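Make one complex out of these two single chains by using the hints.
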Amino acid sequence: MKKQTTEYSIIVDNVYKKFKLVYDKPFTLKERLVFWNKTKVGYHEVLKGINLKIKKGETVALIGVNGSGKSTLLKLMTKIIYPTSGKITTNGKLTSLLELGAGFHPDFTGRENIYFNASIFGLTAAEIDARVQDIIDFSELGEFIEAPVRTYSSGMYMRLAFSVAINVDAEILLIDEILAVGDQHFQDKCFAKLQELKKSDKTIVIVSHSLNSIKKLCDRAVWLHEGQIREDGQTNKVIEDYLKVCG
Amino acid sequence: MLKELYQYRQLLKSNVRKEIRGKYKGSFLGVLWSFVNPLLMTLVYAIVFPFLLKSSQPHYTTFIVIAVLPWTWFTTTISQGTSTILANGGIIKKVYFPREILPISVVTSGLVNFLISCLIIAIFLICSGIGFSPYLVFLPIVIILQYMFQLGLILITSAINVYVRDAEYIINFFVSMLFYATPVLYSMSMFPGWVQKILRLNPMTTIIESYRNIFYYQTAPDFMMLGFVFIVSIVVLWLGFVIFKKLEKGFAEEL
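Heads up: the protein sequence lines correspond to chains A and B, in order.
Just so you know, the numbering used here puts 162 at position 160 of the first sequence, and the rest follows in order with no gaps.
Just so you know, the numbering used here puts 1024 at position 190 of the second sequence, and the rest follows in order with no gaps.
Just chain B, with the same shape it has in the complex (with noise of 0.2 Å):
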């Protein structure tokens, strides 16, 4: 299998390119709009939640985007993603191709996105004067890691958004469910240690705080927890492979 992807890579890189540029053709700030709504969106928590939380977080609005912008890349994935091949409908029923390469392209471009968005992050780093601190050299473990983990998630929902069209509607209630139990807008150490607990069942949360140890607190992530979140990633992936391999025979007649 891993060989007939190698052979269709011209496929995936220009089916890559077309999520990037295909999706804001016509609008006027074109590709600048996947970094222009996390901005915005940082925007709207950075001045509501002083308010709300009586956070003493210094840095606040440096310390929400680091979490907002690989939110955003999970979010946008899963949400593409799952209906990535009810959307290729059209070339799926005509044309013979690995399928995997679409799911496969939604989280690279996502990826894409992200990598060109860690500018962003750079910027604040600089502006608030926080700098950066040589356990950069993590982040690509924890960039992979993140990828690993959507992809298994999104090979999944894919394939069983073909087969129950609802799928789409209950994940992303869950994600934006989620989106509450990650701590993006908080920082782990409000909570007593159970709930730390709960909420590290979640990968998410270890890789957006991970995110947060490298950029933010400049240290270095915690290795046990991200050893579990590998763990989980392959099995997720492994999952993610089985399931779409046996759903996609179908993908043609159901679609």
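Just chain A, with the same shape it has in the complex (with noise of 0.2 Å):
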């Protein structure tokens, strides 16, 4: 058992998670008295019954068509969200790139925001103080980074953000569509950094639709279909029959 534990950084554990869809949601008071159990309520079963272990050094691709339950599944990775029924253990540091910039003081500058954004991934002063340069330099701000993000241009301020999450040295990166980020030269810049990762043994789930970059960048492919694994293994194989059915 202990051994399972160290060799695995993530076990989805016959994971279910259904969503429960109030239309009106009854937000105050009065609402909730008056409508007492007359609001509508669905539920939307968007994962049945997920089994899935990712090990330690491992580059895993989700891949599927929209609503298939690939970024519920990442939420879930992250504990933003807690699934209805079954586990899901994680080991060692996570960090999550579900949406960047999530936390930015606008009046802040970059340097601020760094300090304040790095620390919500959990780090010390001391250890965003090692970093900061890499993070600057890795971003391409400038003397921009003195200024308030309120200035910046979408462009940087994606820059900005994906430098801090990419910079934090975690164990475990969850990336959820954000390969697109700023110019090409940015973009390839971001390739770069997830290959060196991926060398340092790091683990990384993706979540994109942009198949060429995980056919590069990927060793296995998680094929989710209406919240079931359909298949799973070999990138190359797995992208080959998804593209046969959805392409």
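Just so you know, the hints here were simulated from the structure itself, not pulled from any lab data.
Just so it is clear, the structure is predicted and the values come from calculations on it, not from any experiment.
A couple of the hints might just be wrong.
As the list claims (entries may be wrong) - The list that follows gives simulated cross-link-like pairs (lysine-lysine, PhoX-like), each with its CA atoms no further than 20 Å apart:
hint: 1; chain 1: B; residue 1: Lys-1083; chain 2: A; residue 2: Lys-27
hint: 2; chain 1: A; residue 1: Lys-20; chain 2: B; residue 2: Lys-927
hint: 3; chain 1: A; residue 1: Lys-89; chain 2: B; residue 2: Lys-1080
Okay, structure coming up:
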């Protein structure tokens, strides 16, 4: 048992996730009392019994059509939401890049936001001090780093956010469709950085529709279809089958 | 859980800084507003109330300011704390971090403000000629009790407010009502014994009285009553964590 927990970074054990769909959600007390038991409630089962084990150092892609539950699975792994039933165990420091720039304060400078954003990922001041120059260099923001974030263009904003997230040195990285950050030059740089992280034995899980970059980056792909795992295996093979059905 | 909070201490630190600095960004006086506000309130009370209550309290302004400043900490904590989870919905939906950090940083930034505003109290004590007493050593105990009590309260209210958005309004009404049930503008000795007993069920009564004992009357606070407040605070804090932990799992979906 001990061995199993150290060998795997992420273990998804028979996970179900149901979302409650409430039409005209009663947010206020009045609505709650007046429409007592009258609100239409439906359930939408997004994940239906997912079993998945991801080894340490693996780079895994989650593919599937829209609404197949990829992002939900990723959110469950980061503990933003919790499964209806089943269990998810993660092993090691985890960083998720679900959406970039979460928690940036527009009035603070880029540098201050680096500190704030990195601390959301659980870094201490000393750890951030050690990385701050790398982050600034990677973002290529130069002197703009001392300007408030509200003056940034959306590309600069994304570059800063990505640079922070990629430099926090997590053992597990969860990435949701954000490989398309910035211009071609920066995208290439991100891609190179991901490849470097992959070589340094990090566990990476990517949700993406850009099948070409997945092919280059991942050794394993998991195809989710209507909340279940349709196929799990070697990337090229899975993508081939996926394209036959959904292409 | 404490281990995880310790690991995220930097987030707590930068969040407190953000609460303090971010709030008044763009205004001329900036952070000074946290002190100007209670001072203006004190000024109004000091002008109006001597007419209403034929109070023979010497140094009435000092008498009030000692209570208004901790009371300001209480009200800002409760009103900001209750809405803190909703206000930070954006990050909660996108990143994992221990959610308790949010209410904790609200109370803590209030604490920082209050500690600075103790300087104002000191100025009043000097100018009115009351001076300082050795009972100041008990001050940290009172502050810690108030901190615990408030944290417990907003752990509960912030979590409930996600599910029932009325909570914010009900609680804010309740807090402004509580203002009159707390000896901020008056002293307890104005009332017969049985009224005092009822008022003392409110932990803020004892807390405010203790500040006044330490600063104004220069006596030791009532340790029996502080013991009672301590037990209440522990219970509220424990209950707060239990409720918060239970409700936090649904935060990202409800927001």
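Original post:
What hints, given by number in increasing order, does this structure fail?
Top reply: none
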